[in-house]
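J.: Place chain S on chain W using the hints.
Residue strings, one per chain:
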Amino acid sequence: MVIDFSSYYDLPRSLDNFFEEFWKPSLLSQRRVSYPPVNISEDDDNLIVMSEIPGMDSGDIELTLNEKSLIIKGTKKSEVGNYYRQERPTGNFQRIVNLNIPVRSEAVQASMKDGVLTVILPKSKESRHVTIAIDAQ
Amino acid sequence: MTQELEKKSAPALLRFRPNTDVLEREDGFYIFVDMPGVSKDNLSIDLRENELEVCGKAVYPRMDKAKALHVEFGDGEYVRTFTISDGVDRDGIRATMNKGLLELYLPKAARFSPRRIEIQPG
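Chains W and S, in that order, are what the protein sequence lines are. Using the working numbering, the letters of the first sequence correspond one by one to residues 1 to 137. Using the working numbering, the letters of the second sequence correspond one by one to residues 1001 to 1122.
With the rest of the complex left out, here is chain W (with noise of 0.2 angstroms):
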């Protein structure tokens, strides 16, 4: 028999366990409630979208830009066989990213490594941040 009994029995390690889950909300925006987690950031020519998505091949994720958000989509099979324990979701998920600004949706790349999903959207010219010089007059 494989039983992990840390969560059932061990009880100090379930009390630290309590004071991380308490504390994370404080480093992360937002709690993972939503499925896939999602990082975005940006840089003065792209917008970067990351993913936590483990076990999924490429092409099972479906990417779906449209003209205001990019949506992430997919399907997370279950094993086959008698289940001792379940934490990993499976079924359907969906994320919609927003997207504030355009993007030059003919060049966007995607990639995937270990398990995170790496999306890159320019930004369009008109979205970039510009410089104007003031006249001395």
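If you are wondering where the hints come from, they were derived from the structure by calculation, not from laboratory data. Computed from a predicted structure; not experimentally measured. C-beta atoms are modelled at their ideal positions from N, C-alpha and C, and glycine is treated no differently. Treat the hints with caution; some may be incorrect.
Stated by the list, open to error - A few chain S residues that don't get close to chain W, going by computed Cβ distances all over 12 angstroms:
hint, residue
1, E1024
2, S1044
3, C1055
4, A1066
5, M1097
6, R1116
To be verified - Derived lysine to any residue pairs resembling SDA-like cross-links, with alpha carbons at most 25 angstroms apart:
hint, chain 1, residue 1, chain 2, residue 2
7, S, K1040, S, R1116
8, S, K1067, W, S69
9, W, K76, S, R1080
10, S, K1065, W, L99
11, W, K123, S, L1069
12, W, K123, W, A107
13, W, K113, S, L1069
14, S, K1065, W, Q86
15, W, K77, S, S1039
16, W, K113, S, L1013
17, W, K73, W, Y84
18, W, K76, S, L1013
19, W, K125, S, D1064
20, S, K1065, W, S105
21, S, K1099, W, K125
22, S, K1099, S, E1118
23, S, K1067, W, K76
24, S, K1108, S, R1094
25, W, K123, S, M1063
26, S, K1067, W, E126
27, W, K113, S, R1080
28, W, K113, W, V130
29, S, K1099, W, M112
30, W, K77, S, R1080
31, S, K1099, W, I96
32, S, K1040, W, Q86
33, W, K77, S, D1027
34, W, K77, S, F1016
T.: Showing chain S alone in chain W's frame:
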């Protein structure tokens, strides 16, 4: 200032209990552990007596120029310990790491695997 803080916090990664499935099939036990961002090189699996400990580090490359707008996950250390009984053939334990998913296969020891009993003619 921020650089100093980063240096201090760098060695202590946030610890997570990764989501895990444990299931049994006819040929043995299977454990699936979600470890996104962990490559094969950042993973360690140790078997000490009855304890099987898996530990993986996910460290994302620093993007110096980029500014974070929304953060839901980050660098972390996934640690999980499993208790294994005598019913497992320890030498036969196999692990594969693929697309951020760790799969452990623990075959049943020969004496615990299902066996058909022949009926002797009386």
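J.: Next step is simple, just say for each hint if it's right about the structure.
T.: Going through the hints against the structure:
no., hint, in the structure
1, E1024, "violated, 5 angstroms"
2, S1044, "holds, 16 angstroms"
3, C1055, "holds, 14 angstroms"
4, A1066, "violated, 4 angstroms"
5, M1097, "violated, 8 angstroms"
6, R1116, "holds, 20 angstroms"
7, S/K1040 / S/R1116, "violated, 39 angstroms"
8, S/K1067 / W/S69, "holds, 19 angstroms"
9, W/K76 / S/R1080, "holds, 22 angstroms"
10, S/K1065 / W/L99, "holds, 19 angstroms"
11, W/K123 / S/L1069, "holds, 15 angstroms"
12, W/K123 / W/A107, "holds, 9 angstroms"
13, W/K113 / S/L1069, "holds, 22 angstroms"
14, S/K1065 / W/Q86, "violated, 40 angstroms"
15, W/K77 / S/S1039, "holds, 22 angstroms"
16, W/K113 / S/L1013, "holds, 21 angstroms"
17, W/K73 / W/Y84, "violated, 28 angstroms"
18, W/K76 / S/L1013, "violated, 28 angstroms"
19, W/K125 / S/D1064, "holds, 22 angstroms"
20, S/K1065 / W/S105, "holds, 22 angstroms"
21, S/K1099 / W/K125, "violated, 35 angstroms"
22, S/K1099 / S/E1118, "violated, 44 angstroms"
23, S/K1067 / W/K76, "violated, 31 angstroms"
24, S/K1108 / S/R1094, "holds, 12 angstroms"
25, W/K123 / S/M1063, "holds, 17 angstroms"
26, S/K1067 / W/E126, "holds, 19 angstroms"
27, W/K113 / S/R1080, "holds, 22 angstroms"
28, W/K113 / W/V130, "violated, 34 angstroms"
29, S/K1099 / W/M112, "holds, 8 angstroms"
30, W/K77 / S/R1080, "holds, 23 angstroms"
31, S/K1099 / W/I96, "holds, 23 angstroms"
32, S/K1040 / W/Q86, "holds, 24 angstroms"
33, W/K77 / S/D1027, "holds, 21 angstroms"
34, W/K77 / S/F1016, "holds, 23 angstroms"
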